[in-house]
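Chemist: All chains, full assembly: derive it from the sequences and hints.
Residue numbers (the working numbering), protein chains in the order written: chain A, 1 to 551; chain B, 1001 to 1252; chain C, 2001 to 2103; chain D, 3001 to 3352.
Note that these hints are calculated values from the structure, not bench results. Bear in mind the structure is a predicted one, so any value in this text is a computation, not a measurement. The C-beta atom is built at its ideal place from N, Cα and C for all residues, glycine as well. The reader is advised that the hints may include incorrect statements.
Only pairs whose alpha carbons sit at most 30 Å apart, straight line, appear in this in silico DSS-like list of lysine-lysine [stated by the list, open to error]:
{"#": "1", "chain 1": "A", "residue 1": "243", "chain 2": "B", "residue 2": "1132"}
{"#": "2", "chain 1": "B", "residue 1": "1139", "chain 2": "A", "residue 2": "243"}
{"#": "3", "chain 1": "A", "residue 1": "118", "chain 2": "C", "residue 2": "2074"}
{"#": "4", "chain 1": "D", "residue 1": "3263", "chain 2": "A", "residue 2": "243"}
{"#": "5", "chain 1": "A", "residue 1": "429", "chain 2": "A", "residue 2": "498"}
{"#": "6", "chain 1": "A", "residue 1": "542", "chain 2": "D", "residue 2": "3064"}
{"#": "7", "chain 1": "A", "residue 1": "495", "chain 2": "A", "residue 2": "429"}
{"#": "8", "chain 1": "C", "residue 1": "2016", "chain 2": "B", "residue 2": "1037"}
{"#": "9", "chain 1": "A", "residue 1": "243", "chain 2": "B", "residue 2": "1142"}
{"#": "10", "chain 1": "D", "residue 1": "3125", "chain 2": "A", "residue 2": "243"}
{"#": "11", "chain 1": "D", "residue 1": "3263", "chain 2": "A", "residue 2": "498"}
{"#": "12", "chain 1": "A", "residue 1": "548", "chain 2": "A", "residue 2": "495"}
{"#": "13", "chain 1": "C", "residue 1": "2074", "chain 2": "C", "residue 2": "2016"}
{"#": "14", "chain 1": "A", "residue 1": "118", "chain 2": "B", "residue 2": "1142"}
{"#": "15", "chain 1": "C", "residue 1": "2074", "chain 2": "B", "residue 2": "1037"}
Here are the computed distance ranges between Cβ atoms for each label pair [claimed, not checked]:
{"#": "16", "chain 1": "D", "residue 1": "3009", "chain 2": "A", "residue 2": "157", "range": "41 to 49 Å"}
{"#": "17", "chain 1": "C", "residue 1": "2085", "chain 2": "D", "residue 2": "3186", "range": "48 to 56 Å"}
{"#": "18", "chain 1": "B", "residue 1": "1134", "chain 2": "A", "residue 2": "136", "range": "47 to 55 Å"}
{"#": "19", "chain 1": "D", "residue 1": "3299", "chain 2": "B", "residue 2": "1198", "range": "41 to 49 Å"}
{"#": "20", "chain 1": "B", "residue 1": "1068", "chain 2": "D", "residue 2": "3053", "range": "34 to 42 Å"}
{"#": "21", "chain 1": "C", "residue 1": "2046", "chain 2": "B", "residue 2": "1110", "range": "54 to 62 Å"}
{"#": "22", "chain 1": "D", "residue 1": "3056", "chain 2": "A", "residue 2": "157", "range": "48 to 56 Å"}
{"#": "23", "chain 1": "D", "residue 1": "3078", "chain 2": "A", "residue 2": "20", "range": "32 to 40 Å"}
{"#": "24", "chain 1": "B", "residue 1": "1138", "chain 2": "C", "residue 2": "2050", "range": "45 to 53 Å"}
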Amino acid sequence: MSSAATPEQELTLPKRNFYNTEYGLLSWLLTGDHKRIAMLYLFSITFFFFVGGAMAGLIRLELLTPLPDLMASDTYNKVFTLHGIVMIFLFLVPSVPATLGNFLIPIMIGAKDLAFPKINLLSWYLYIAGASCFVISMVNGGVDTGWTFTTPLSTHYVNTNVLTTGIGVFIAGFSSVFTGLNFIVTIHRMRAPGMTWFRLPLFVWANYAASILMVLGTPVLAIAIVLVALERAFGIGVFDPTKGGDPLLFQHLFWFYSHPAVYIMILPGMGVISEVISTFSRKRVFGYAAVAFSSVAIAVFGFFVWAHHMYIMGLSNYSALVFSLLTMLVAVPSAIKIFNWSATLYKGSISFDTPMLYAFGFIGLFTIGGLTGVFLGSLGTDIHLTETYFIVAHFHFVMVGGMLMAFLAGIHFWWPKMTGRMYPEGLSKVAAVITFVGFIFTFFPQFILGYLGMPRRYHAYPPEFQVLNVLSTAGATVLGIGYLIPILYLAWSVKYGKVAGSNPWNATGLEWQIQSPPLTENFTEIPEVDHEAYDYEWLEHKNRQEVKSIG
Amino acid sequence: MDSPVIPTPPTPAVEQAAHAAHPAHLRHHFETVEQQKEAASFGMWLFLLTEIMFFGGMFAAYLIYRNWYFAAFADASKTLSIWLGGINTLVLITSSFTMAMGVWCAETRRRRGLVLSLALTILLGISFLGIKYNEYSEKFEKHHVPGASFSVETFVNPTADEMKNEKIVALAPDLAAKTEIYFSLYFAMTGMHALHMVIGIGILTVLLIKAWGGAYTNGHMTTIENFGLYWHFVDIVWIFLFPLLYLISRHV
Amino acid sequence: MTTIDEHHEHHIVSPKVYAVIFGILLLGTALTVWAAFTEMGWLNPVVAIAIACVKATLVILYFMHIRYSSTLMKLTVCAGFFTFMILIGMVMTDYISRAWGLW
Amino acid sequence: MSHISPVLWQFLEKWLANSSLFPAEASTIAPYTDALYFFLILISLIGLVIVALLVGTFSVLYNKRRHPVAVQIEGSTLLEATWTIIPLGLFLIAFVWGALLYFRIYNPPPNAMNIYIVGKQWMWKAEHPGGQHEINALHIPIGRPIQLTLISQDVFHSFSIPAFRVKREAIPGRYTTVWFQATKVGSYHLFCTQYCGTAHSAMIGEIIVQTPEDYQAWLASSVSGASLAQNGERLFATLSCNACHNANPDSRGPSLANVYGSKLQLVTGGSVQVDDGYLRDAILNPSMHVTAGYAPIMPTYQGQISEEGIISLVEYIKTLDSNYRVQQTLNTTEIQNQKQAPATAPGTTVKP
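Modeler: Structure representation (structure tokens):
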């Protein structure tokens, strides 16, 4: 796909771009450039994704047979704990915001950088520091509390590296606070002239909403973890039932962050999907305002529903009613988004490039993931389904099927912008399909397992569950391959890929109107925005002008 | 599209000409000094929001346990000295005032005033911590620090205790044990607050040295203003901690 | 440019205002200690919190210049306290209603 | 299939035949849960099909080759309102239906038979009122509502019986309850579903549903000592509870006759309904639960009685229906002590 406006022979990489203004390791480690920080994040996130993925592989391999035969129970518990911690704190939470968001938000709003470049770099260092804590705890023998750090298990009953891991979560949490803070300030303060709120790309809206959650939610997790650490170190008794504390209070504080955290994870992904769907159907997103506001609505309602993780944990039943009702309300904005995306295709001019395939995958899997959320939000069915593989399947459909698909859609969509080169198209489409099929095979059987009652975090299980588990493990193999292929061809494309040109998809965002890879300063002069987001007529007009001026 | 990468110096917009920027203070990615300033203070406020939520978790815990174990909380609160707490409140409010004056000096470009205000603020901050240290060490002596050495003796047998606080009502051992939760929250909340003070004093020292050298009184006082926000926030936390921890049911 | 006012002229608060606020804060501290020693029944904690809220509001409005800041800043501060209230309020729905009955 | 060896084929066949796709419906609640479950599946399928149809049809109709120029459409308030309100309505139905089911599962009928469950790392201990004691198993009769009162002595556990569609967490320091009525004889899985440490996946057991006759036979065959109430009575005496709670007119503690289920006036001014949880709290944190008219002199038993001991005491207090019965306590206990060896009775384990 090359831009119709640019003849083939002109496609060479721009002489100056943000990669070659400075050289050397230090120029990367001390950079203030949001694009370079985004690339740093991309590397570290990908690395930890494969660490977490390897853990997932071990889990699935263990569950191939009903017997606890591959590893000891302790090891298994440590593996799934680290799988959760690594995937959530080191991959899902920072994935889209810290890589794509970091790279694109300043460009999309017409700014030269994020508001606080040094804090942006600090975020990355905090991320690495947090990750190091996890690695240290892993090397020292691991931690087996589950990523949820349930008290009093984490405070009194396990002998593993809870403190180190807790410090890691605390630090990684502040990394995400600073990213969110930076985004909010940037989006409020740094928009180019003419870039009003309702001209912002939906990706920016989504990241804005997620940033609000990061800034306001994460500190509550931080304090919960601090109290767990104090409880462990000094026995302060705040969560200890024998001293009069309430272990459920920890659940409240923990989920006050950790439920909104799932929206931190999914919202930026939804932003990516809005961009991709619009670009490849050559149409303005259907009901722009509704999609934008639904992001904000999800962010706001996201704070009101956390206790639906605690229905059977001894939450007051009256409270459970309230939280169940609010949970139903938060499902609505997601439904709006799905329908709006579908309607965007109507009378579009759809092409099926790789990002679009991933976006279709997202819509399908996220719809299933979202709807099964209703099963769990509804009090009666939650009793049977919670803490089983149903919930595992549900959040993997949303997080992996939703978020990861969106992340891959975004990476494939903006790869030409980030590197200036295209990846092999046929292969990438094959990878997208493999991922989708592998995903369905891995996680769909887990819904059935869940209704059968197979508990999550089980090392061994009754033999009659084996067939479905074998299916799931087989699917996981396919899924693993699906994730490995992009890494290979994307790495290949950095050197050998076809030069993409500045706007290979003919997209309307400001980021596509500058060279790829961009200059360190992004824009030679700050653009005056005079058109709405996704204005394809404006783009066509602009392209015609350019052809004329060149001719 | 392939124009040279050398950043063109930002041209101040016409309407901001009055603020005509000293280029050294305007970072390359901002258009105007005003924009940079607003961004900085907005960022600071967002950071303070995270601080609100950080303390919020502890306030929630406090609220719950205070309602559950009110008698224990009331009793334990009486072991704190209102004098020390009250003086500390005054000290902190005064330091907030000197900080505000420091901001004013920076805004009106009074170097000596700024240096004096910052020095006073540091001094007051340190005296706050000194008094706090006094209070803490008393808790260690009386075995009121939660953990292995915690003892409920004071509350079970208030008359036997050396402390001359007749107001402590003797509690049954099971209820007296709940004072540990009070002290846990006391140490967690005041400890976190003190930690913020320590960090604040550290930053203040740096600011003081820079202000001595003439920084911040040259029209670029954003750093001072933002630090002021932080310091006032720490003050606000204490404004709530004082009545909540020291003044539970003193009238009985 | 946008629906809410995001930019604002810089306002220098005069020392006189600071001094007045400082005075009120000192008075408030004295008042809250006095109130704690006065028997008011269930009003005691309410009064203590109310005084603290007034003091905090004064600090925010004057020492922290929110009174002279843009609407955006005012909204930001409100958003912080709103979220804080959600945390407290929604946690309390559980703790208050636990005592209501068998379930 | 001829190239697959017959042994492997047989294995496959057996393997597939023994695998399950849908859990047994073995309680009165199960059909209700399944009904809601199928309703939700139906909604999900409809939603999924609509989305798939929209995306699929548009992909075919408006793909680039067939439809080279897109028609720009802003949006449609009417359509958007439709797909806001219809899902909202459906979700609200799911909420109301789910809430009703929740009431059903967590509101035991008054005639339910109570069995105590104590969870610990990593086993389930069941205490039948008759003194029968089981580990990682629970025998219950068919056709009779059974209420479980759960507690954990260490971390959170979760008592899950998929065939009954019920589940409840065993919380440290607090009783929770759940009830069910089995409808099919058989043996069903019992899982701990809340992650509880190393051997979490070994904290499993069996729910054995029997006909009333078999159940009676099992009860008779597995009496291992005194009943829970008798154990509690002995504990009541050994802990000298009856020194104060002796129902004499000048006693220092309130009489416990008929206290269970009554409304108690407390010194703090409030009144409270006496249930299992209240009795437990009153034993462990007595000074926070002082009956009006009495002094807060009762010592705490925190750390002195095991959870099973507290359960026995609670069971015993439930049986106290007259002052005469209370005064008999010591006598019967002595008789009990003569009659059997106390070691077999699990409820009386008194920690040093």
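Chemist: So, for every hint listed, does it hold in this structure?
Modeler: To see whether the hints hold, each was checked on the structure:
no.: 1; hint: A:243 <-> B:1132; in the structure: holds (26 Å)
no.: 2; hint: B:1139 <-> A:243; in the structure: holds (19 Å)
no.: 3; hint: A:118 <-> C:2074; in the structure: holds (26 Å)
no.: 4; hint: D:3263 <-> A:243; in the structure: holds (28 Å)
no.: 5; hint: A:429 <-> A:498; in the structure: holds (16 Å)
no.: 6; hint: A:542 <-> D:3064; in the structure: holds (21 Å)
no.: 7; hint: A:495 <-> A:429; in the structure: holds (20 Å)
no.: 8; hint: C:2016 <-> B:1037; in the structure: holds (25 Å)
no.: 9; hint: A:243 <-> B:1142; in the structure: holds (19 Å)
no.: 10; hint: D:3125 <-> A:243; in the structure: holds (24 Å)
no.: 11; hint: D:3263 <-> A:498; in the structure: violated (81 Å)
no.: 12; hint: A:548 <-> A:495; in the structure: violated (33 Å)
no.: 13; hint: C:2074 <-> C:2016; in the structure: holds (23 Å)
no.: 14; hint: A:118 <-> B:1142; in the structure: violated (46 Å)
no.: 15; hint: C:2074 <-> B:1037; in the structure: holds (17 Å)
no.: 16; hint: D:3009 <-> A:157: 41 to 49 Å; in the structure: holds (47 Å)
no.: 17; hint: C:2085 <-> D:3186: 48 to 56 Å; in the structure: holds (51 Å)
no.: 18; hint: B:1134 <-> A:136: 47 to 55 Å; in the structure: violated (37 Å)
no.: 19; hint: D:3299 <-> B:1198: 41 to 49 Å; in the structure: holds (43 Å)
no.: 20; hint: B:1068 <-> D:3053: 34 to 42 Å; in the structure: violated (55 Å)
no.: 21; hint: C:2046 <-> B:1110: 54 to 62 Å; in the structure: violated (43 Å)
no.: 22; hint: D:3056 <-> A:157: 48 to 56 Å; in the structure: holds (51 Å)
no.: 23; hint: D:3078 <-> A:20: 32 to 40 Å; in the structure: violated (53 Å)
no.: 24; hint: B:1138 <-> C:2050: 45 to 53 Å; in the structure: violated (30 Å)
Of the numbered hints listed earlier, those contradicted by the structure are 11, 12, 14, 18, 20, 21, 23, 24.
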